[in-house]
Each structure stands twice: as structure tokens, then as C-alpha cells.
Amino acid sequence: MIEIEDFSITFGSGKNQIRAVRNFKLSVAEGESYGLVGESGSGKSTVLRAMVGINSHWDGTIRVAGEALTHKRSVESRKHMQMVFQDPYGSLHPRRTLDDTLSEPLVIHGLENREERILKILKEVGLGPEFRFRYPHQLSGGQRQRVAIARALILEPRVILLDEPTSALDVSVQAEILNLLSALRKAHGLTYIMVSHDLAVVGHLCSRIAVMNRGEIVEEITEDQMRSGEVTHAYTKQLWTASQGYDRAALETFQEFA
Amino acid sequence: MTMNKMKLTGFETSSPGDAPLISVRDLHVRFATPKGQVHAVRGVGFDLGKERLGIVGESGSGKSQTGRALLRLTAGNGSIEASRMMFDGKDLMQASAKTMRSIRGSRISMIMQDPKYSLNPVLTVGKQIAESCRRHENVSRAEARRRALAMLETVRIREPEKVYSLYPHQVSGGMGQRIMIAMMLITNPQVMIADEPTSALDVTVQMQVLSLLDDMVRERGMGLVLISHDLNLVSSFCDRVLVMYGGRIMESLDAKNLDQAQHPYTRGLLNCLPRLDGKHDDLPVLRRDPAWLTEGDEVREGGAT
Numbered sequence: 125m126i127e128i129e130d131f132s133i134t135f136g137s138g139k140n141q142i143r144a145v146r147n148f149k150l151s152v153a154e155g156e157s158y159g160l161v162g163e164s165g166s167g168k169s170t171v172l173r174a175m176v177g178i179n180s181h182w183d184g185t186i187r188v189a190g191e192a193l194t195h196k197r198s199v200e201s202r203k204h205m206q207m208v209f210q211d212p213y214g215s216l217h218p219r220r221t222l223d224d225t226l227s228e229p230l231v232i233h234g235l236e237n238r239e240e241r242i243l244k245i246l247k248e249v250g251l252g253p254e255f256r257f258r259y260p261h262q263l264s265g266g267q268r269q270r271v272a273i274a275r276a277l278i279l280e281p282r283v284i285l286l287d288e289p290t291s292a293l294d295v296s297v298q299a300e301i302l303n304l305l306s307a308l309r310k311a312h313g314l315t316y317i318m319v320s321h322d323l324a325v326v327g328h329l330c331s332r333i334a335v336m337n338r339g340e341i342v343e344e345i346t347e348d349q350m351r352s353g354e355v356t357h358a359y360t361k362q363l364w365t366a367s368q369g370y371d372r373a374a375l376e377t378f379q380e381f382a
Numbered sequence: 022m023t024m025n026k027m028k029l030t031g032f033e034t035s036s037p038g039d040a041p042l043i044s045v046r047d048l049h050v051r052f053a054t055p056k057g058q059v060h061a062v063r064g065v066g067f068d069l070g071k072e073r074l075g076i077v078g079e080s081g082s083g084k085s086q087t088g089r090a091l092l093r094l095t096a097g098n099g100s101i102e103a104s105r106m107m108f109d110g111k112d113l114m115q116a117s118a119k120t121m122r123s124i125r126g127s128r129i130s131m132i133m134q135d136p137k138y139s140l141n142p143v144l145t146v147g148k149q150i151a152e153s154c155r156r157h158e159n160v161s162r163a164e165a166r167r168r169a170l171a172m173l174e175t176v177r178i179r180e181p182e183k184v185y186s187l188y189p190h191q192v193s194g195g196m197g198q199r200i201m202i203a204m205m206l207i208t209n210p211q212v213m214i215a216d217e218p219t220s221a222l223d224v225t226v227q228m229q230v231l232s233l234l235d236d237m238v239r240e241r242g243m244g245l246v247l248i249s250h251d252l253n254l255v256s257s258f259c260d261r262v263l264v265m266y267g268g269r270i271m272e273s274l275d276a277k278n279l280d281q282a283q284h285p286y287t288r289g290l291l292n293c294l295p296r297l298d299g300k301h302d303d304l305p306v307l308r309r310d311p312a313w314l315t316e317g318d319e320v321r322e323g324g325a326t
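Protein chains in written order, with our numbering: chain L, 125 to 382; chain C, 22 to 326.
Just so you know, these hints were derived from the structure itself, not from any lab. Predicted, not measured: the structure shown is a model, and the values here were computed from it. Treat each hint with caution, since some may be false.
Below are the DSBU-like pairs computed for lysine-lysine, each with C-alpha atoms no more than 30 Å apart in a straight line [unchecked claim]:
1. C:Lys137 to L:Lys139
2. C:Lys183 to L:Lys139
3. C:Lys137 to C:Lys119
4. L:Lys247 to L:Lys196
5. C:Lys137 to C:Lys111
6. L:Lys149 to L:Lys139
7. C:Lys137 to C:Lys148
8. L:Lys310 to L:Lys203
9. C:Lys277 to L:Lys361
Residues on chain L that point at chain C, a partial pick, calculated with CB under 7 Å [to be verified]:
10. Glu163
11. Ser164
12. Ser296
13. Glu300
14. Ala324
15. His328
16. Arg351
17. Ala366
18. Ser367
19. Tyr370
20. Leu375
21. Gln379
Covered, in the sense of this in silico footprint (three residues per stretch, anywhere, with C-beta under 8 Å from a C-beta of chain L), are these stretches of chain C [what the hints assert, rightly or not]:
22. 223–235
23. 255–266
24. 292–298
25. 304–311
Note that beta-carbon positions come from the ideal geometry of N, C-alpha and C, so glycine has one too.
Could you put together the complete structure from these sequences and hints?
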């Protein structure tokens with residue numbers, strides 16, 4: 125479904141040049157759920173932003189369903205890949221009702237039956253029709269994130285890119301959103317690429333996981349390896365150990381990976 | 022449910038021999054808002070010894086307001102009420118604004134969540150650390166600078182001289198949080214209140230910051246209140262955990278016994294965490310029981326003196 129090869133992203137030039145992503149490659153099958161984990165600055169979100177077309181300064185090839193993406197994206201090519209952002213408090217327009225927010229992608233892509241589509245999608249993400257004319261400030265964080273998911277899903281895309289979709293939410297709400305995401309994937313046969321710093325969340329939703337550090341993939345692991353902790357690369361091992369909770373003895377063995 | 026008063030309010034300390042550093046009983050924090058009164062903290066009580074006490078809860082549970090009330094940092098529209106709020110023999114409820122200023126930052130310090138917003142953007146970090154020292158103690162500029170540099174070294178910053186002259190926007194999140202800790206520790210406080218000190222940080226950096234706080238508790242005999250939403254973190258780091266919900270303490274338990282928690286809220290929170298060793302099935306969703314918001318009232322009323 126998605127193939128990325130020889131992919132790199134560079135910001136700035138001369139001595140201020142930052143190579144945010146290097147030697148990146150990725151292959152995700154249709155209906156698969158793929159995870160990208162890493163610490164801040166590892167380039168994981170940058171990859172997603174390039175794929176969805178927010179950042180057009182990338183080199184290499186991205187193929188979605190066999191078709192190579194161009195740097196200047198056509199409206200139609202954007203329809204099949206939608207993104208859910210990290211912070212539902214920042215990603216919804218505060219002065220637009222949910223109806224406005226959800227109609228906008230439909231207007232852009234010229235889709236008909238707007239009312240029907242909006243009511244259907246609200247129901248699918250677990251919000252009733254009574255929410256349709258509310259503003260974001262009238263909703264809780266979990267409800268807002270449901271709206272963000274609805275906005276991505278309303279175009280019936282085949283790929284959804286999730287950028288830390290639960291990190292701004294309480295754990296009880298996180299569980300609800302993760303359940304919603306896995307139910308939607310089953311129902312629509314969606315392909316997910318999820319970025320997170322939380323190994324447990326990625327391990328829960330994804331079957332294959334790439335671990336990134338300083339713009340490069342250091343290791344690709346399976347969900348079973350994630351559960352057992354049988355990883356080969358020292359960086360992955362360290363990240364896994366740190367995710368187990370506070371451990372003074374383990375901390376002594378930590379090192380910097382440049 | 023057989024939950025006695027002791028268990029509900031968490032009065033027991035880990036080291037019963039010592040007098041507690043902080044002792045709070047029946048703390049209430051209320052806010053007057055245009056939409057009516059918000060009762061954020063409802064009758065919280067605990068004792069803090071020379072230990073690591075964790076307060077966990079979801080957003081809106083009143084955990085941060087509990088921490089802020091101790092330093093009287095509650096917002097202007099809030100009112101604090103408590104039958105007892107003692108720190109080292111002083112009654113904080115009766116303390117004047119001047120006394121509070123001398124305690125705040127010097128004997129009880131607080132680390133805020135996000136170093137980006139809590140550091141002054143137009144002063145170098147070194148100056149800010151030195152200022153904290155000069156504000157509370159009568160020391161010369163040069164002495165304050167020397168101590169600030171020593172403190173930066175204590176929080177494991179490799180080139181203290183270089184970092185001293187950096188501005189907050191030039192440092193990373195992890196380093197910013199270490200700078201905050203240095204600023205708060207330079208006055209050698211007896212109690213540190215850390216409000217989500219690591220939730221903006223990467224896991225490995227988080228470990229390093231926690232180990233610093235751990236050293237301070239072990240080596241200086243400091244009391245630490247760690248406020249967090251992260252149950253795993255608190256259970257692995259703290260000695261004792263208070264679980265808050267709706268402004269009340271649901272349960273108080275030893276951190277190592279967290280997996281044996283009795284209260285349905287604590288159990289629900291633990292269950293809905295995705296686990297590294299878990300399966301892909303749906304996560305159990307927390308069901309909230311309105312009775313949690315009233316239970317214990319009759320116990321407290323019955324046991325009132």
C-alpha cells in the first residue's frame with residue numbers, strides 16, 4: 125500500500141543544515157497497522173508531514189497504492205491519505221461548529237450528500253447527532269479527538285496517518301480512542317501509520333514497529349519482539365527498558381546514541 | 022465496601038517514628054466562577070515524611086490544586102480551607118503573606134510541568150538560578166554565581182559554564198527541566214512539590230530527571246510530592262501513592278502494592294493502560310461510579326471530632 129525508498133528530508137542550508145530524516149525506507153501492506161517510535165527530534169512526525177503533503181521539501185520516492193507522489197500534490201491524491209493530529213485542543217477551529225469542520229473536506233473534494241455523510245460519520249466515532257452543531261469548547265478532550273478522527277475518515281481514505289493521537293488524553297480516554305481506532309480499522313480495512321513516543325500504545329495498535337533515532341530507522345521489530353523485549357539494537361533495548369518504569373539500576377547502563 | 026478512614030485519607034507515613042514534614046487534614050479548595058462554585062479539592066488529608074509521595078489522578082481530579090494549595094499558589098478566585106495544614110510546626114493556614122514568601126521557594130519548592138513556560142525567556146538560565154539563591158539568602162553576586170554553577174553540575178549538566186549563559190530557548194526540554202530543578206534545589210528546601218515534572222520529556226530523559234529527585238530525597242532527606250497522571254511511573258518511583266478522583270482521595274497505598282489496589286477506580290485505571298506485554302484485544306474501558314464522589318462522607322462525618 126505504501127512504499128517509501130531513499131527518503132530524506134533536509135532543513136536549512138550551509139552550516140545550519142539539519143538532516144532531519146536520512147536513509148529512510150518503509151513498506152506497509154494494505155490493512156496493516158505500522159508504528160513509528162522514537163524520542164523527540166528523531167524525525168518521526170516529519171515523515172508523516174511529508175507523506176500527507178504539509179512539508180514538500182523531501183527527496184526520494186513515496187508510492188501509495190503503486191502511484192508515486194509528486195511534490196506538488198493534486199487535490200485527488202490528498203483524499204486517500206488523511207491525518208489525525210496530536211493535540212485536539214489545537215487542531216479544531218474554535219469558532220467553527222463540528223458541522224462546519226466536517227463539511228469543509230467534503231466541499232474541497234466536491235462530495236455530495238453532506239448531511240447524510242456527517243451524521244453517519246458522527247455515529248461511527250461514537251458521537252450522537254446532537255453534537256453536530258456544537259463548538260469544540262463544548263467538548264471534552266476525548267470527544268474532540270473523536271471529531272478529529274471523524275474529519276479524517278469522512279473522505280473515506282484508505283490510509284490514515286496518526287501523529288500521537290492519544291498523548292494529550294487521560295489514560296481512560298486513551299483506552300476509548302485506541303478501541304475506536306482498532307474498530308474503525310477492522311470495519312473499513314484501513315491502513316494506519318502511527319507515530320508515538322509511547323511503546324505500549326504503539327505495541328497495542330501496530331503489528332510492525334520501526335524504531336527511529338536521529339532521523340534514521342535503527343531497527344524494525346514485530347509486535348512479539350515488542351512484548352518480549354527481545355530486540356537486537358542497543359538503542360531499542362534502552363528505550364524498551366525505560367518504558368518499563370523507573371529503574372535505578374538500569375539507568376546506570378544508559379548511554380547517548382548519536 | 023470495607024474501607025476505613027485511615028485507608029481513605031492516607032494518614033499513615035512510611036516512617037512512623039519521624040514527625041511528618043507536612044500534615045494536611047480536610048483540605049478544601051473552591052473556585053468562584055461565573056457559572057457558580059467549583060469545588061476542586063474536597064476534604065483531602067495526608068502526611069508527608071522524608072519520602073516520595075505520589076499523587077495520581079486524571080485531569081480535573083484536583084491533584085495539582087492540592088499541590089498548589091500547600092504553597093498558597095491557588096488562583097485569585099480560589100479559596101483554601103483546611104482544618105489543619107502544618108509545615109514543620111508552622112500553621113500554613115495562619116501564615117501571613119510575608120511568611121509564605123519566605124517559605125515558598127526556600128523551604129518548600131515547586132517544579133512546574135513545562136520548563137518552556139516557567140523560565141523567564143529574557144534572562145539567561147544561570148542568572149535565574151543565581152537570583153533564586155540571592156532572593157532567599159544574603160549572599161554576594163559572585164557567591165550566588167559559584168553556587169549556581171555547582172548546582173548545574175549537581176543536576177548533571179556537562180558544561181555548567183557554557184549553559185549558565187544560555188537563554189531558555191537555547192536549551193532542550195530535558196535540560197530545561199534540569200535547570201528548573203537546579204533553581205528549586207539551590208535553596209536546599211525541605212519539601213519539593215513536583216507537578217508533572219517529566220511528562221513533557223522523553224522516557225530516557227524522564228528517568229534521568231527522576232533519578233536526580235531520587236538522590237535529593239535519599240541524600241538530603243527531602244520530602245517529595247510527585248504529582249502525575251502516569252500510574253506506572255508513580256508506582257515504580259514513589260514509596261506511597263494517593264489516588265485522586267473528583268477532588269477526593271480514593272485510595273492510599275504502598276507503591277509496590279499498587280497491583281493489589283482494592284478501589285474500583287484504581288483498578289479501572291490500571292486495566293485501561295495498554296501493556297507492553299499485552300494482547301491486541303480491546304482495552305477495558307473505565308466505568309465511573311457516581312458513588313465514588315460521595316463515599317466516605319458518612320465515615321468522615323461519623324469520625325469528626
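Failing hints, ascending?
Checked against the structure, the hints that fail are numbers 4, 5 and 21, while the rest are satisfied.
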